[in-house]
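Number of protein chains: 2
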Amino acid sequence: MSNDAYGYRGDGDLADRLRQAGLSLTVDEAKALLAGVLAAPPTHDGDSWLDLFGPALPGETADALRALKAALEAQAAPASPDAAGRLRALRDALRDRGVDGFVVPRSDEHQGEYVPAGARRLAWLTGFTGSAGMAVVAPERAALFVDGRYTLQARAEVPETLYEHRHLTDDPLAEWVAAALPAGGRLGYDPWLHTVGWVEKTRRDLDRAGIALMAVADNPVDAVWPGRPPAPLTPVVAHDTAFAGTTSADKRADVAARLRRDGVAAAVLTQPDSIAWLLNLRGGDVPCTPLPLSFAIIADDGGVELFIDRRKLVPGVDDHLGGAVTVRPPDALGAALDDLGRSGRKVLADPATGAAWIFDRLDGAGARVERGADPCALPKACKNAVELEGTRAAHRRDGVAMVRFLRWLSREAAAGAVTEMDAAAMLESLRAEGALFRGLSFETISGAGPNGAIVHYRVSPETNRRLEPGSLYLIDSGAQYLDGTTDVTRTVAIGEPTVEMRERFTLVLKGHIAVSTARFPRGTSGSQLDTLARHPLWQAGLDYDHGTGHGVGSYLSVHEGPQRISKVPNTVALLPGMILSNEPGYYKAGAYGIRIENLIVVQAMDDAVAAERPMLGFEVLTLAPIDLALIEPSLLSNAEVAWLNAYHLRVRHELTPLLDADTAAWLAAATGPLMV
Amino acid sequence: MSNDAYGYRGDGDLADRLRQAGLSLTVDEAKALLAGVLAAPPTHDGDSWLDLFGPALPGETADALRALKAALEAQAAPASPDAAGRLRALRDALRDRGVDGFVVPRSDEHQGEYVPAGARRLAWLTGFTGSAGMAVVAPERAALFVDGRYTLQARAEVPETLYEHRHLTDDPLAEWVAAALPAGGRLGYDPWLHTVGWVEKTRRDLDRAGIALMAVADNPVDAVWPGRPPAPLTPVVAHDTAFAGTTSADKRADVAARLRRDGVAAAVLTQPDSIAWLLNLRGGDVPCTPLPLSFAIIADDGGVELFIDRRKLVPGVDDHLGGAVTVRPPDALGAALDDLGRSGRKVLADPATGAAWIFDRLDGAGARVERGADPCALPKACKNAVELEGTRAAHRRDGVAMVRFLRWLSREAAAGAVTEMDAAAMLESLRAEGALFRGLSFETISGAGPNGAIVHYRVSPETNRRLEPGSLYLIDSGAQYLDGTTDVTRTVAIGEPTVEMRERFTLVLKGHIAVSTARFPRGTSGSQLDTLARHPLWQAGLDYDHGTGHGVGSYLSVHEGPQRISKVPNTVALLPGMILSNEPGYYKAGAYGIRIENLIVVQAMDDAVAAERPMLGFEVLTLAPIDLALIEPSLLSNAEVAWLNAYHLRVRHELTPLLDADTAAWLAAATGPLMV
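Protein chains in written order, with our numbering: chain A, 1 to 676; chain B, 1 to 676.
In short, the hints are calculated from the structure, not lab data. Bear in mind the structure is a predicted one, so any value in this text is a computation, not a measurement. Some hints could be false.
What the hints assert, rightly or not - Derived Cβ-Cβ restraints for the label pairs, each shown as a range: (1) B:433 - A:175: 58 to 64 Å; (2) A:240 - B:172: 39 to 45 Å; (3) A:215 - B:151: 47 to 53 Å; (4) B:200 - A:301: 30 to 36 Å; (5) A:301 - B:212: 30 to 36 Å; (6) B:169 - A:261: 18 to 24 Å; (7) B:545 - A:165: 48 to 54 Å; (8) B:151 - A:342: 45 to 51 Å; (9) A:463 - B:200: 50 to 56 Å; (10) B:456 - A:165: 52 to 58 Å; (11) B:462 - A:345: 52 to 58 Å.
Ideal Cβ placement from N, Cα and C applies to all residues, glycine included.
Turn these sequences into a full structure, and let the hints steer you where they fit.
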């Protein structure tokens with residue numbers, strides 16, 4: 001590569017610069033690192049990738065690397081064939097592998113919500129970019145399975161001439177496969193990309209139809225995908241105990257004690273957020289969630305083998321990890337599982353999230369596999385006092401951004417000059433001014449008018465709408481801060497709302513308040529609380545088609561388990577320190593959407609008057625006004641009005657010291673007492 | 001047997017009388033029939049057992065049979081050894097069978113709530129008479145496992161010198177067994193008395209402890225139980241379509257269509273109430289539930305094999321059953337299962353209720369077993385219009401008895417002259433005056449003061465208390481009528497209640513009203529409604545430790561599935577026609593108990609204002625006043641007061657025409673409007 005428009009002065013120059021910086025890296029190694037950097041999502045602080053090369057690089061070395069990165073970024077990726085050509089190529093690859101068909105899911109090796117670029121096989125093959133779905137390719141037919149959220153999007157993205165469109169849950173996969181594959185045919189799957197539960201159920205279903213489900217060792221999509229991005233490379237850093245509250249050594253000791261109690265020799269950890277929590281590590285391999293992709297095994301003595309690309313570990317991380325954590329290359333995982341098998345002792349793995357590959361390998365090694373929950377999930381969910389103090393502080397900064405945003409919106413939107421994209425960008429820029437901001441915790445949902453009624457709406461230039469008088473605007477957004485993760489939804493009247501809008505907003509608010517104020521005995525699950533949020537809507541013949549609340553991590557995933565508030569049965573008891581969202585809604589298709597979301601944290605309510613049993617309740621974390629213009633006071637009980645006024649008083653009290661005088665004045669008006 | 005005190009004139013005389021009546025029965029056959037009659041629970045109409053001998057018997061023949069029955073009843077049962085001797089005898093029998101230990105559950109072959117006399121092995125062996133529990137006998141040790149309801153009762157009934165007392169769910173069976181049996185030992189079980197699910201789980205648990213779980217073909221308890229009662233014999237009669245609403249032929253066609261839709265050739269029915277529903281048959285083999293014990297197989301063409309003792313079928317039942325139902329002896333079931341296995345087609349059986357024996361036999365015959373819900377359970381639960389009209393009529397008669405009872409109580413109890421047993425007897429006698437009465441639907445719970453706080457309380461001469469001024473009295477009772485099954489609980493203030501009693505009663509009432517008035521979208525399960533009943537109590541730091549509602553049959557079991565209102569996850573969607581109880585409560589140990597129970601039926605609420613989705617709600621069936629003296633009006637919302645007043649108005653309106661003037665006047669006062 002020669003001197004070019006990006007300022008790159010050639011490999012020889014770079015070699016000099018690397019030497020100058022005292023780095024032993026070759027130019028080829030530097031290029032490989034940069035390929036991984038380019039496969040990672042952009043970061044909030046643009047230059048953090050330089051840490052992969054070394055600390056405190058000389059300016060010239062950094063400049064040379066920046067130039068090379070820009071040059072590589074600008075290089076045209078190898079052209080992929082068109083959709084029909086991609087399908088053809090995959091079918092050829094299937095023939096070579098002796099299978100008649102193949103399943104292409106949206107998931108990666110960790111079954112995560114966000115997947116790295118090289119794992120976006122479904123999007124590459126079919127064009128479908130939704131967050132859930134699956135394609136099946138048969139010799140003469142192919143089908144895309146998506147759920148109700150994505151029916152329209154799939155139609156827009158994926159040609160029905162190539163893929164039949166099916167419903168992910170309503171249309172049985174086995175039926176389609178049985179009709180599309182030859183009798184007695186073989187359907188291939190990549191055992192890294194499916195949970196063991198999925199494989200076992202699908203195998204049973206297909207068995208009945210006379211189809212064999214076969215693991216394929218090398219993913220045929222990868223074989224035909226030109227220029228498939230490599231694994232992402234982003235710096236892995238220690239997460240300070242000042243934020244984590246508990247040292248990794250203490251967490252490992254605690255998890256190890258759980259393993260010993262259950263007679264388990266070791267647990268295989270496949271969830272990157274569990275590993276990030278356990279080892280107090282953070283990274284940036286996927287969008288919106290500050291985690292490094294990795295696998296790990298924790299033994300009942302607290303020792304950990306961490307399977308991760310060593311190049312990601314910035315200086316100091318080894319010291320942070322200490323002697324009880326052994327860093328091994330990702331491809332050493334298989335041999336480590338074999339060792340566990342040979343030990344003859346029990347090995348814990350989570351069938352709900354662990355790839356079938358893990359279980360196959362353990363079984364193959366003769367391991368005594370104990371299927372059970374990821375042992376980090378529950379302790380991770382129960383935030384300690386330091387994490388709770390952190391999230392309260394993060395919510396104050398987030399609240400400042402929300403108040404500034406809502407004030408801006410109240411000035412600008414009524415004039416019809418604001419679009420969904422403008423609003424999302426404004427809120428992000430206001431958040432970015434806050435201390436410890438590390439980026440968004442998910443892609444902002446900014447929905448005006450009818451777009452607000454699309455529950456999973458993501459704004460794009462094609463769908464971008466202006467906020468118009470007489471409409472509702474719904475914004476669901478959140479951020480990652482070093483001390484906490486936020487997620488808040490507010491629905492705002494633009495101009496004058498209709499009576500129906502106000503009535504329905506008030507019903508949603510009643511449900512929101514019922515969850516917020518609920519007391520419940522220890523042992524109660526989130527499923528048991530879900531109806532409190534829906535009951536006021538139900539009484540009016542209304543409902544909403546999503547859960548009421550999800551778990552939220554601490555500077556980690558904005559969606560985490562095991563707790564949730566959902567009508568789907570869940571037997572996990574809520575425990576003090578668990579953070580959840582409380583987000584009932586109402587959606588009138590083609591017209592408007594309403595959602596009111598606060599984060600809440602479970603706390604002991606031992607002061608409850610006359611409590612005969614240990615009771616729990618919630619503390620509200622989110623600090624942002626709820627639009628008074630959308631409330632019909634006559635629908636609220638005195639207790640509900642009292643809750644709203646107390647909440648608004650607290651928002652004002654906590655945020656006013658952090659606001660300029662004009663914004664504080666606006667907030668005072670926005671949080672004035674509601675009179676009945 | 002000779003002429004004796006019971007008027008029996010001897011076998012020769014009876015032989016003459018039988019011949020005289022035109023019966024081909026021998027005296028020995030008559031005695032065998034009577035042994036079955038004596039093993040059955042007493043019936044409301046004392047002479048119905050005579051129908052087993054033939055219709056319209058001559059008076060002399062009936063008298064001779066009555067005399068013989070009385071003589072047999074008075075015969076001393078063969079003496080059983082004492083508890084230690086029984087245990088010794090069982091241990092000897094275990095040695096003969098080559099097992100080291102044996103499990104003695106409370107259940108019978110149908111896993112039913114009520115079990116016939118000959119199945120009460122746990123009670124015979126240990127003395128424990130509760131409705132749930134299990135004993136395990138090991139060579140040197142034995143244990144009785146009961147749940148929290150029965151801890152005290154077990155201590156009173158079962159010597160701890162012979163049986164260690166353990167908790168049924170908290171203390172793992174496998175742990176105790178592993179400690180009590182020799183290493184590598186064998187634990188026997190009777191595969192008729194456990195569900196396949198229990199066997200599989202227990203086998204896994206014991207496996208880990210190195211203990212083998214072994215099916216034992218002939219129950220060793222039966223082998224050592226002198227004079228164990230035979231199977232009960234009670235007349236099996238047709239249940240008139242005037243009550244059932246749907247003919248058996250139509251029901252069979254409907255179930256067969258479900259089987260064909262699921263590609264199932266036949267279903268094995270092990271639940272006697274499912275079979276009674278399917279074939280429109282009723283009987284009296286167990287207490288409180290009008291069902292004949294039987295097994296059946298329904299094929300996908302609607303044909304049924306009914307496995308039942310033919311002697312129970314009174315004349316006319318064969319005609320009622322028709323040509324598509326084949327009656328076969330109970331011991332022909334095994335061969336029929338073998339046939340199903342040989343057919344090579346799918347056979348449905350319910351793992352939640354089917355005995356392991358059924359599954360073992362099917363597996364042994366190479367059957368393709370499909371594990372799934374009893375196909376009668378759901379259609380049985382959804383009552384048709386005729387059944388609903390019947391239950392409304394039954395509830396009016398039941399309401400008349402309740403009102404007469406409550407009036408009597410209001411006059412008599414304050415004087416301190418009424419005991420729990422008096423009250424229960426009075427209510428039963430008032431119910432028995434109603435048309436179509438067929439007995440109680442469960443043993444009445446009649447609890448005064450602290451006894452009201454014992455959720456499963458059953459009065460006995462030892463525990464019988466007087467109703468005293470300043471206390472609460474709780475009565476939970478129900479009846480079987482030919483046209484419906486009732487179950488109602490009322491809590492009544494005797495004299496002046498305390499402020500605390502009134503406040504807590506009102507909180508229970510608020511939960512009761514919340515369930516009654518709930519609207520909910522189709523697809524909602526009873527689990528989702530449970531919290532509505534608890535929420536007002538939770539807010540005060542209180543709760544209750546039982547479910548909120550159970551399904552109720554139509555002149556069948558007072559407890560039926562698959563629906564229920566419970567915090568235990570249940571994904572069965574509520575459907576129109578399902579009858580449920582609504583019975584929140586509050587219990588202050590050692591002081592008083594509160595429960596308010598109505599039966600309610602799911603109905604479509606298509607008239608709901610502005611309903612965007614098909615909504616469901618409840619109609620209240622039970623008609624009985626709720627004690628106004630126990631209500632603290634200031635704790636009720638206007639809507640709750642309106643519900644109570646409307647309910648009381650309806651009770652008054654529906655029952656007054658059926659009451660004498662004095663009772664009507666009392667009811668008018670008891671249901672007067674509550675003023676806030």
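Each hint tested on the structure:
no.: 1; hint: B:433 - A:175: 58 to 64 Å; in the structure: 59 Å, holds
no.: 2; hint: A:240 - B:172: 39 to 45 Å; in the structure: 43 Å, holds
no.: 3; hint: A:215 - B:151: 47 to 53 Å; in the structure: 51 Å, holds
no.: 4; hint: B:200 - A:301: 30 to 36 Å; in the structure: 34 Å, holds
no.: 5; hint: A:301 - B:212: 30 to 36 Å; in the structure: 33 Å, holds
no.: 6; hint: B:169 - A:261: 18 to 24 Å; in the structure: 19 Å, holds
no.: 7; hint: B:545 - A:165: 48 to 54 Å; in the structure: 49 Å, holds
no.: 8; hint: B:151 - A:342: 45 to 51 Å; in the structure: 47 Å, holds
no.: 9; hint: A:463 - B:200: 50 to 56 Å; in the structure: 52 Å, holds
no.: 10; hint: B:456 - A:165: 52 to 58 Å; in the structure: 55 Å, holds
no.: 11; hint: B:462 - A:345: 52 to 58 Å; in the structure: 54 Å, holds
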